[in-house]
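Student: What follows is the residue order along each chain.
Protein chains: 4
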Amino acid sequence: MPSNTPKEISFTSEVRVRFAEVDPLGIVWHGNYIQYFEDGREAFGRHHGISYLDQKDSNFSTPIVESKCEHKLPLTYGDVATVKTTYVDCEAAKMIFTYEILNPQGQVVCKGRTVQVFVALGGELSLVIPDFFIAWKKKVGLLDG
Amino acid sequence: MPSNTPKEISFTSEVRVRFAEVDPLGIVWHGNYIQYFEDGREAFGRHHGISYLDQKDSNFSTPIVESKCEHKLPLTYGDVATVKTTYVDCEAAKMIFTYEILNPQGQVVCKGRTVQVFVALGGELSLVIPDFFIAWKKKVGLLDG
Amino acid sequence: MPSNTPKEISFTSEVRVRFAEVDPLGIVWHGNYIQYFEDGREAFGRHHGISYLDQKDSNFSTPIVESKCEHKLPLTYGDVATVKTTYVDCEAAKMIFTYEILNPQGQVVCKGRTVQVFVALGGELSLVIPDFFIAWKKKVGLLDG
Amino acid sequence: MPSNTPKEISFTSEVRVRFAEVDPLGIVWHGNYIQYFEDGREAFGRHHGISYLDQKDSNFSTPIVESKCEHKLPLTYGDVATVKTTYVDCEAAKMIFTYEILNPQGQVVCKGRTVQVFVALGGELSLVIPDFFIAWKKKVGLLDG
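Chains as they are written, first to last, in the working numbering: chain A, 515 to 659; chain B, 515 to 659; chain C, 515 to 659; chain D, 515 to 659.
Since the hints were made in silico from the structure, they are not lab data. Among the hints, a few may not be true.
Restricting the straight-line Cα-Cα distance to at most 20 Å, the calculated cross-link-like pairs of lysine to aspartate or glutamate (DMTMM-like) are [to be verified]:
| no. | chain 1 | residue 1 | chain 2 | residue 2 |
| --- | --- | --- | --- | --- |
| 1 | C | K608 | D | D593 |
| 2 | C | K582 | D | E580 |
| 3 | B | K586 | A | E638 |
| 4 | D | K582 | C | E614 |
| 5 | C | K586 | D | E638 |
| 6 | C | K582 | D | E638 |
| 7 | B | K625 | A | E580 |
| 8 | C | K598 | D | E580 |
| 9 | B | K570 | B | E638 |
| 10 | D | K598 | C | D593 |
| 11 | B | K570 | D | D593 |
| 12 | B | K582 | A | E580 |
| 13 | A | K586 | B | E580 |
| 14 | A | K570 | C | E584 |
| 15 | D | K582 | C | E580 |
| 16 | B | K598 | A | E580 |
| 17 | A | K582 | B | E614 |
| 18 | B | K582 | A | E584 |
| 19 | D | K625 | C | E580 |
| 20 | C | K586 | D | E580 |
| 21 | B | K608 | A | E584 |
| 22 | B | K586 | A | E580 |
| 23 | D | K582 | C | E584 |
Using the sequences and the hints given, assemble the complete structure.
Tutor: Here's what the structure looks like:
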């Protein structure tokens, strides 16, 4: 029985705002959210076995080709934010993640999305989903084994 | 005689890739492009009289509420990239900039877009275009004086 | 009964190396250790009640006036390092911390030292130890109450 | 006729303070001076033919093993600082640089020093001065040719 909703897997992690990440206006400089997304994506990856180092072991890297960030509220020094990272499955040779960052009060401060492609060790873009990622999809239940 | 094309003003600046901006894969880490956009926007602002410090003198700040980045090609250490920053006029109380970053060979490595809003000194979001920004639009020819 | 050994208090925390902190040589860029020192100092501060925010509540900031860093071994991506932060008591109006950063194998990769001074809210350097810091020294047993 | 003063070569460059380099106190975060030192050292290196890329062409890297920084005055957003980088010759297999950073008023805001060693491509520390660096010393007049 087919489903039209995209299959998703999430993981929630925390990031503590660093003093040097806060700008003269007293709020986290917007560019640092890209780092928070990466922190969330790598926490997801370590938990689900698909981190940068797992990819490297499979002789692939997955450079970001698109990123997007919407800022709703500021974070400030002292905040420990929650990063909810969601892998959004697709049929293309891509990895898509969405992010929701919440402040200590549970309000969404930022939403984002990144798209990654697969590049083999030699530098060649993979036009098909690499075997290691097919295997990962099966392992986590996104594909029938 | 009305025009449907948005009015735009551009400025071109340069950014030299720093060693610490390059990641273990030997390319500029994607999050650093947000900094390059800001470098371009501030170079535009200094040239056209609408930089962060000009805004501050008018008792406003203009936090980023949206940013978007598309990566086409990598930059690496030793590259001096060109940043073309374009102010895209709109009727809302917003500042929209687009960015094109070119490598030393003149190829587009990255395209981006940011949206900023106007916040008064006390922290209140301005729902109308502040006077200083109306004055700036007139000065640079985006509005009839 | 006088003691010639300086009185010290330590705290141990962890820092996970971020991908963007690693340079093209595959090792943590040396400048990032200053951030790791701050991470350690703030973890110490939160534990012992003398963090940046505690100082701010007392209307003081404590800018760094000296920092020193000796690198023994590299850290790389995937490493979770241990930061041992030690407050070294002195009689001057200063805060001195030393740092030892250890890799996952327990080897010292980096040693450091920072010196901070006390600046009152208005911007004036304090030539004497501020009351809040005297109170803190008593609280943690560095001064007789 | 021998000289007791160390032989030195200097180069002066500029660095523009970035918004994201300024902390909530409105001054450049102290850790960013390590980046300014590197900016100065690389500007020196490009001018005198001994930059990171020149070293790499000779199959060597020169990791920092010591760095030191003394802060005298703050820098703030809008400042274009001057970095005076001085190579201080020594007989060991080391590269020693000192730094003086001046604010737009010409006051010294920061002084620093870094020590680098020579590591061959394979990762081995060189206990003697590599040939390419001997050649460089001759070229710039620090050694008789």
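Student: Could you run down the list of hints and mark each one as holding or not?
Tutor: Now for the hints, and whether the structure bears them out:
1. K608(C) to D593(D): 28 Å, violated
2. K582(C) to E580(D): 8 Å, holds
3. K586(B) to E638(A): 14 Å, holds
4. K582(D) to E614(C): Satisfied, since the Cα-Cα distance of roughly 16 Å is no more than 20 Å.
5. K586(C) to E638(D): 14 Å, holds
6. K582(C) to E638(D): 25 Å, violated
7. K625(B) to E580(A): 10 Å, holds
8. K598(C) to E580(D): Distance of about 19 Å is within 20 Å: holds.
9. K570(B) to E638(B): With Cα atoms ~14 Å apart, K570(B) and E638(B) stay inside 20 Å; holds.
10. K598(D) to D593(C): 35 Å, violated
11. K570(B) to D593(D): 15 Å, holds
12. K582(B) to E580(A): Holds - the C-alpha atoms of E580(A) and K582(B) are around 8 Å apart, at most 20 Å.
13. K586(A) to E580(B): Distance ~9 Å between K586(A) and E580(B) Cα, so the pair holds.
14. K570(A) to E584(C): 31 Å, violated
15. K582(D) to E580(C): Cα-Cα ~8 Å, so holds.
16. K598(B) to E580(A): OK: K598(B) and E580(A) at ~19 Å, within 20 Å.
17. K582(A) to E614(B): Since the Cα atoms of K582(A) and E614(B) sit roughly 16 Å apart, the hinted pair holds (cutoff 20 Å).
18. K582(B) to E584(A): Given that 20 Å is the threshold and the Cα spacing comes to 9 Å, the pair holds.
19. K625(D) to E580(C): 10 Å, holds
20. K586(C) to E580(D): Satisfied, since the Cα-Cα distance of roughly 9 Å is no more than 20 Å.
21. K608(B) to E584(A): 14 Å, holds
22. K586(B) to E580(A): 9 Å, holds
23. K582(D) to E584(C): 9 Å, holds
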